[in-house]
Each structure stands twice: as structure tokens, then as C-alpha cells.
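Here the protein sequences come in this chain order: A and B.
Mapping to our numbering: the first sequence position 181 is 181, numbers consecutive.
Mapping to our numbering: the second sequence position 32 is 32, numbers consecutive.
Be a bit skeptical, because a hint or two may be false.
With the Cβ distance kept under 8 Å, some of the chain B side facing chain A (calculated, not the full set) [claimed, not checked]:
{"id": "1", "residue": "G9"}
{"id": "2", "residue": "D13"}
{"id": "3", "residue": "K32"}
{"id": "4", "residue": "P95"}
{"id": "5", "residue": "F183"}
{"id": "6", "residue": "M190"}
{"id": "7", "residue": "P191"}
{"id": "8", "residue": "F193"}
{"id": "9", "residue": "V198"}
{"id": "10", "residue": "H200"}
{"id": "11", "residue": "P202"}
{"id": "12", "residue": "L207"}
Listed below are the simulated SDA-like cross-link pairs for lysine to any residue, each with C-alpha atoms no more than 20 Å apart in a straight line [to be verified]:
{"id": "13", "chain 1": "B", "residue 1": "K32", "chain 2": "A", "residue 2": "H187"}
{"id": "14", "chain 1": "A", "residue 1": "K32", "chain 2": "B", "residue 2": "E131"}
{"id": "15", "chain 1": "A", "residue 1": "K3", "chain 2": "A", "residue 2": "N185"}
{"id": "16", "chain 1": "B", "residue 1": "K84", "chain 2": "B", "residue 2": "E131"}
{"id": "17", "chain 1": "A", "residue 1": "K32", "chain 2": "B", "residue 2": "N185"}
{"id": "18", "chain 1": "B", "residue 1": "K32", "chain 2": "A", "residue 2": "M74"}
{"id": "19", "chain 1": "A", "residue 1": "K32", "chain 2": "B", "residue 2": "P189"}
{"id": "20", "chain 1": "A", "residue 1": "K111", "chain 2": "A", "residue 2": "F125"}
{"id": "21", "chain 1": "B", "residue 1": "K32", "chain 2": "A", "residue 2": "D188"}
{"id": "22", "chain 1": "B", "residue 1": "K32", "chain 2": "A", "residue 2": "K111"}
{"id": "23", "chain 1": "A", "residue 1": "K32", "chain 2": "B", "residue 2": "S160"}
{"id": "24", "chain 1": "B", "residue 1": "K32", "chain 2": "A", "residue 2": "K3"}
{"id": "25", "chain 1": "B", "residue 1": "K84", "chain 2": "B", "residue 2": "T122"}
{"id": "26", "chain 1": "A", "residue 1": "K32", "chain 2": "B", "residue 2": "P191"}
{"id": "27", "chain 1": "B", "residue 1": "K32", "chain 2": "A", "residue 2": "M190"}
{"id": "28", "chain 1": "A", "residue 1": "K32", "chain 2": "B", "residue 2": "I195"}
{"id": "29", "chain 1": "A", "residue 1": "K32", "chain 2": "B", "residue 2": "E184"}
{"id": "30", "chain 1": "B", "residue 1": "K32", "chain 2": "A", "residue 2": "E166"}
{"id": "31", "chain 1": "A", "residue 1": "K47", "chain 2": "B", "residue 2": "E184"}
{"id": "32", "chain 1": "A", "residue 1": "K47", "chain 2": "A", "residue 2": "I169"}
{"id": "33", "chain 1": "B", "residue 1": "K32", "chain 2": "A", "residue 2": "S160"}
{"id": "34", "chain 1": "B", "residue 1": "K32", "chain 2": "A", "residue 2": "P189"}
{"id": "35", "chain 1": "B", "residue 1": "K32", "chain 2": "A", "residue 2": "Q192"}
{"id": "36", "chain 1": "A", "residue 1": "K32", "chain 2": "B", "residue 2": "Q192"}
{"id": "37", "chain 1": "A", "residue 1": "K47", "chain 2": "B", "residue 2": "T122"}
{"id": "38", "chain 1": "A", "residue 1": "K32", "chain 2": "B", "residue 2": "L186"}
{"id": "39", "chain 1": "A", "residue 1": "K32", "chain 2": "B", "residue 2": "M190"}
{"id": "40", "chain 1": "B", "residue 1": "K47", "chain 2": "A", "residue 2": "R194"}
Quick caveat, the hints were computed from the structure, so don't treat them as lab data.
Here a beta-carbon is modelled for each residue, glycine too, at the ideal position from N, C-alpha and C.
Number of protein chains: 2
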Amino acid sequence: MRKVFVNIGLSLDGFMAPEGMTLAHWSQPDYKDWGAKWGAMMGWILKLQYFREHLQFGSGGETGAVNDMLRHTMERSGASIMGKRMFEQGEASWPENAPFHTPVFVLTHEKREPWVRPGGTTFHFVNDGPESALEQARAAAGERDVRISGGADVVQQYLSLGVVDELEIAMAPVIFGAGRRLFENLHDPMPQFRIDAVFHSPHATHLRYVRA
Amino acid sequence: MRKVFVNIGLSLDGFMAPEGMTLAHWSQPDYKDWGAKWGAMMGWILKLQYFREHLQFGSGGETGAVNDMLRHTMERSGASIMGKRMFEQGEASWPENAPFHTPVFVLTHEKREPWVRPGGTTFHFVNDGPESALEQARAAAGERDVRISGGADVVQQYLSLGVVDELEIAMAPVIFGAGRRLFENLHDPMPQFRIDAVFHSPHATHLRYVRA
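With the rest of the complex left out, here is chain A (with noise of 0.2 Å):
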């Protein structure tokens, strides 16, 4: 069965982006700092040996469990979904082979012709909502998983829709103070998860929940 899923680096205190992280500060890092604190939450991910490969940085990097998760993580996604916001953020900063290699669905009102990227990414413009996104992501993504990448606006209306099967959040003990939450915005019925299994490294404490 394919799963539909989320799978974040979250700030200890609930912020998936620290404030001043947007597009109009995109080439300013040290725009409230923004640079340096998501370095802070996210600067595991950038030492790992997978990611370093899946995004061209270069040979080398760090194995073991949590590059083995990141892997699993990038070889189940058959199709990702995303807000306008973090595509026009990506659109800004991925290298020209677009680091999904699936099809990519984007929830925006812009009308846009399917971007297609090499390397087998092709960003998929929808316009009618949510579900719509889910039904063309599960349609394409075939044998494997969706995931649901953010950013937080996103995350928020698959929970609120009670689709959501797997909650993966790499926990940093960082404290941003301001920016993007992730849990806000949400009403009920509350989406219920149970804990699965936890991971912890000196870095990020890996929360996995499956929906209860």
C-alpha cells in the first residue's frame, strides 16, 4: 500500500523555517540570521554522504544509520508535493538537475506549462486544490510513496485532511523563537498518530508517527 508522507526538519521549538528565511531575503543569510539558524537545524543533513551525492556536492561524507534513513527516504518518493512558496524558493537554489527525479506536483493558482528538469524531475503546475495534487501524485508515484515536502502551509492542509499515514520530523535542539510553524492552522478533527520509532543521534532526534 503507498503511503502518503512528511518528512521535515523541525526546530525544537515547532519552526520548520526561522524568520526572515523567504525568497525576498533569498540572497541575504545574515537577514535576521536566517542563514546561520537554519544551518543550525539542517547542517546534519549536509554532512551526510547521500545527500552530498543525490545533490551533486561531491564524493565522501558520512555513512551509517541516519544516511541510510535519508536514503530509504529519497528512494520511496515516487511523486512530492509542494507549496508555491517552496518551489519559487527551489526554483532559486536547485542545481539545474532538480534533486526529486520524480514528478513534482506544485499547488499554486499560476497556470504554468509542466517544467520539465533533467534528470527526471518534471514540476507539475496544479491549480484546483489539495486533493487534486494527492490524487495526481498517488497516480504517478506508481508502486512507490508521495510525499508531502512543505512548506509549512502545505504540511498543514494534508493534516487537517487526515491524510497523512507517516510523520517523519528530524528534531534539532535548536530554538528560532520566530518563523514558520508547523503545527498552527490545523482543526478538527486532529489528525491522531501513534509514535513508531525513534532515532536519536547527537544532531537531530528522529521522530517517527504513523497515523493511529
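Based on the hints, put chain B in the right spot on chain A.
Then chain B, alone, in the frame of chain A:
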């Protein structure tokens, strides 16, 4: 060296208490369903042998690693600090033999003589701010540690003062959607923690951070 520590239960979405869990609705756990939500978050503690013994709920109960953690938390506490709201809720709920058995310093604007309870708990009402309460609690704790008991606003004050040595969170896999958030109203410089230990149980993930 005596430590200043926080040990609290938290929902997955970062709330220390669900919406509606206020003194005004203390006898109405159906109000916004706060009783069931609180129970879903903290039910695990009610089953522990040490908790049952400590609150004179009767004999029996679960033993094991989580029970031992709870015993350690209580036995290391030489004094507690709490806010006026938590005190008022407790005043309406605790047995006569209040479950602290140490001095407790209550941050309040109310001027009131110390309130001595059977069993070794004495509530002291502190009118001159959190630093003064901490100084008094350190002196009273002797060789033991000082616990910042809550509520959320009091924990926030001590986090912002940068004096919290150890932050212990029992994070339950429940989503409240609204309530009293632990992590908000913090200001720079943000407190800095590193992961010390994580203990995984089916009911809650016990996260322990120490000051970096």
C-alpha cells in the same frame, strides 16, 4: 553543582495544556474537551507506580525505566518555582498533603504569608520577580536541584533568563491544535541546548536537553 531544571509534558504540537484547561473551567473537563486531551497527553504518568504512591492514589502501578525517571525527578527536587495560575489550579486540585514535600516559590503579585501544608510542602509567595524567586529556591534546595514547574509563561521567563540547565520534555503523540504553547515569547539571545538523552516509550518520547 545544583541544577535548574524543567520537566514537563508536551503535546506533539508544542502545547503544555489544551485550550480550555483553565481555572474557570476546572470542574468542566468537557469544556473544549480539555479533560480528554489532557488525559491523552499525560495518561502514561497516572499509571506509574511512583506517581500513584506519591499522590496517594493507591498501590500498584507500572514500574520500569519511566517510573525510575519520575522517581529521580521528584527526589532530585529540593525546591520548585511555579506561576500564580499553576498554583491556583493546584490549590483547587492537590490533596491536603500537597505533592511537593519541599519549599515551593509562587511568582505572584499577591502578598500572602507562607502556606504550610502537611507533608513538608510550604508555599512561599514571591512578589519581586523570577530572579529573586530563583535565588530563594536555590537557597532552600540545599544540595538538591531547583525545578521550574510551570506554567508555560514561567518556563518562558526562565528560558529567556538563560538559567535553565536541563530541559526535560515528555512529548506525547497528541495534537491539541490550541492551548498554552511552551515555546513562545522568547527573546534573544535564545537559550542554547544540546541533546543529552532520549528515552522512547510507546506513550511519550522523553527528550532531555542540557545547556550548551
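Status of the hints after comparison with the structure:
The interface hint given for B/G9 is broken, as the beta carbon of that residue sits about 14 Å from the closest beta carbon of chain A, more than 8 Å. A least Cβ separation of about 3 Å between B/D13 and chain A falls short of the 8 Å threshold, and the interface hint therefore holds. A hinted interface residue such as B/K32 counts as satisfied when its beta carbon comes closer than 8 Å to some beta carbon of chain A; here the least separation is about 10 Å, so the hint is violated. Checking B/P95 against chain A: minimum C-beta separation of about 32 Å lies over 8 Å; hint violated.
A least Cβ separation of about 3 Å between B/F183 and chain A falls short of the 8 Å threshold, and the interface hint therefore holds. With its C-beta approaching chain A no nearer than about 4 Å, B/M190 sits inside the 8 Å limit, and its interface hint holds. Annotation: interface hint on B/P191 holds; nearest CB of chain A at approximately 6 Å, less than 8 Å. Interface restraint check for B/F193: the shortest CB-CB distance to chain A comes to about 5 Å, inside 8 Å, so the restraint holds.
Because the smallest distance between the Cβ of B/V198 and any Cβ of chain A comes to about 4 Å, under 8 Å, the interface hint for this residue holds. The criterion of a C-beta within 8 Å of any C-beta in chain A is met by B/H200, whose closest approach is roughly 4 Å, and the hint holds. With a cut of 8 Å, the hint placing B/P202 at the interface with chain A holds, because the nearest CB-to-CB distance is about 6 Å. Among the interface hints, the one on B/L207 holds; its C-beta lies about 6 Å from the nearest C-beta in chain A, closer than the 8 Å criterion.
Distance hint between B/K32 and A/H187 is fulfilled; the C-alpha atoms sit about 13 Å from each other, no more than 20 Å. For the hint linking A/K32 to B/E131, the alpha-carbon distance of about 29 Å lies beyond 20 Å, and the restraint is violated. For the proposed pair A/K3 and A/N185, the alpha carbon gap of about 24 Å is over 20 Å, so the pair is violated. With a C-alpha separation of about 16 Å, the suggested pairing of B/K84 with B/E131 holds against the 20 Å cut-off.
For the hint linking A/K32 to B/N185, the alpha-carbon distance of about 17 Å falls within 20 Å, and the restraint holds. Distance hint between B/K32 and A/M74 is unfulfilled; the C-alpha atoms sit about 40 Å from each other, more than 20 Å. For the suggested pair A/K32 and B/P189, the alpha carbons sit about 13 Å apart, so the restraint of at most 20 Å is met. Using a Cα cut-off of 20 Å, the hinted pair A/K111 and A/F125 holds, with the two alpha carbons roughly 7 Å apart.
Pair hint B/K32 plus A/D188 holds up; C-alpha atoms about 11 Å apart against a cutoff of 20 Å. Our distance criterion of 20 Å between C-alpha atoms is broken by B/K32 and A/K111, whose separation comes to about 42 Å. For the proposed pair A/K32 and B/S160, the alpha carbon gap of about 18 Å is at most 20 Å, so the pair holds. Among the hinted pairs, B/K32 with A/K3 is inconsistent with the structure: their alpha-carbon atoms are about 32 Å apart, more than 20 Å.
Of the pairs offered as hints, the one joining B/K84 and B/T122 holds, with about 15 Å between alpha carbons and a cut-off of 20 Å not exceeded. Of the pairs offered as hints, the one joining A/K32 and B/P191 holds, with about 17 Å between alpha carbons and a cut-off of 20 Å not exceeded. Restraint check for B/K32 and A/M190: the C-alpha separation of about 13 Å stays at or below 20 Å, so the hint holds. For the hint linking A/K32 to B/I195, the alpha-carbon distance of about 25 Å lies beyond 20 Å, and the restraint is violated.
Proposed proximity of A/K32 and B/E184 is supported: the alpha carbons are some 17 Å apart, at most 20 Å. With a C-alpha separation of about 27 Å, the suggested pairing of B/K32 with A/E166 is violated against the 20 Å cut-off. With a C-alpha separation of about 30 Å, the suggested pairing of A/K47 with B/E184 is violated against the 20 Å cut-off. Of the pairs offered as hints, the one joining A/K47 and A/I169 holds, with about 18 Å between alpha carbons and a cut-off of 20 Å not exceeded.
About 18 Å separates the Cα atoms of B/K32 and A/S160, which keeps this hinted pair within 20 Å; it holds. Proximity of B/K32 to A/P189 is assessed by CA-CA distance (about 12 Å); at most 20 Å being required, the pair is judged to hold. The straight-line distance between the Cα atoms of B/K32 and A/Q192 is roughly 17 Å, inside the 20 Å bound, and the hint therefore holds. About 17 Å separates the Cα atoms of A/K32 and B/Q192, which keeps this hinted pair within 20 Å; it holds.
Simply put, A/K47 and B/T122 have alpha-carbon atoms about 52 Å apart, too far for the 20 Å limit, and the pair is violated. Proximity of A/K32 to B/L186 is assessed by CA-CA distance (about 15 Å); at most 20 Å being required, the pair is judged to hold. Restraint check for A/K32 and B/M190: the C-alpha separation of about 13 Å stays at or below 20 Å, so the hint holds. For the proposed pair B/K47 and A/R194, the alpha carbon gap of about 18 Å is at most 20 Å, so the pair holds.
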